[in-house]
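Asker: Can you build the whole structure from these sequences, using the hints too?
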Amino acid sequence: MSETSQQRGAHARLYGRSKGKALRKRQAALIDELLPRLSLDLAQPPAPTARERRLEIGFGGGEHLIAAASDSPEVEFIGCEPFLNGVAKLLARIDERGLTNIRLHQGDAADVLDWLPEDSLSRVYLFYPDPWPKRRHHKRRFVARENLDRLARAMHAGAELRFATDIDDYAAWTLARLRAHPAFRWRAQRAEDWRTPWSGWTRTKYEAKAMAEGRDPVYLTFVRALR
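Going by the working numbering, the letters in the sequence shown line up with residues 120 to 346, in that order.
Any given hint might turn out to be false.
[To be verified] No farther apart than 30 Å at their CA atoms in a straight line, the calculated lysine-lysine pairs in the BS3-like style are these:
no., residue 1, residue 2
1, K140, K324
2, K144, K258
3, K144, K324
4, K258, K324
5, K140, K328
6, K253, K140
7, K328, K253
8, K328, K144
Derived from the structure by calculation, the hints contain no laboratory data. Remember, it's a predicted structure, so these values are computed and weren't measured experimentally.
Answerer: This is the structure we're talking about:
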């Protein structure tokens with residue numbers, strides 16, 4: 120556990136698995152060789168940059184992050200994912216495409232949000248986070264006041280928080296907490312605004328499976344209000 124995680128205390132600990140099945144030989148090599156070159160050093164202050172910076176929290180297999188970074192090579196992307204197998208899949212895609220505008224953190228996105236300067240993010244993606252469906256586990260959901268405060272500090276005015284889920288309860292949970300937070304405004308004006316994905320949306324295997332099982336995704340966009 121990093122020093123920043125210890126400072127946040129046990130209540131904010133990162134839950135869930137960090138590793139699944141054994142990595143393939145190439146994946147293990149990328150973890151050993153490429154991941155250290157792309158990983159953020161949270162022990163050092165962030166280097167100043169004039170580039171637009173976006174953050175994806177929990178990138179899964181990395182389908183969206185790869186597509187976004189390929190489409191916007193001028194933007195610096197930061198991807199956070201605690202699950203080692205997902206990181207390995209993303210590294211393979213980065214290596215195949217030769218992308219140079221992605222930095223990574225294998226661990227808790229809250230640590231990265233604490234590390235980033237104020238007003239440094241133009242967009243944040245939070246797609247299909249673990250819904251922790253049991254009521255006693257709801258406190259583990261990423262959408263909580265303390266993390267929204269972190270996002271509000273790191274996002275500049277007008278920056279977007281894009282959220283997607285196929286779980287109705289988590290959609291309602293997220294709406295309630297974002298609408299109650301003074302730093303965010305929900306952009307939807309009609310039903311199609313939350314039923315329709317964003318332009319250039321990359322459908323992941325998870326989303327395709329959810330839709331095949333009859334769960335309709337919800338796409339929510341929140342804007343960081345003026346300070």
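Asker: Against this structure, judge whether each hint is valid.
Answerer: A quick look at each hint next to the structure:
no.: 1; hint: K140 x K324; result: 18 Å, holds
no.: 2; hint: K144 x K258; result: 37 Å, violated
no.: 3; hint: K144 x K324; result: 24 Å, holds
no.: 4; hint: K258 x K324; result: 27 Å, holds
no.: 5; hint: K140 x K328; result: 21 Å, holds
no.: 6; hint: K253 x K140; result: 25 Å, holds
no.: 7; hint: K328 x K253; result: 21 Å, holds
no.: 8; hint: K328 x K144; result: 28 Å, holds
Checked against the numbered hints above, the structure violates only hint 2.
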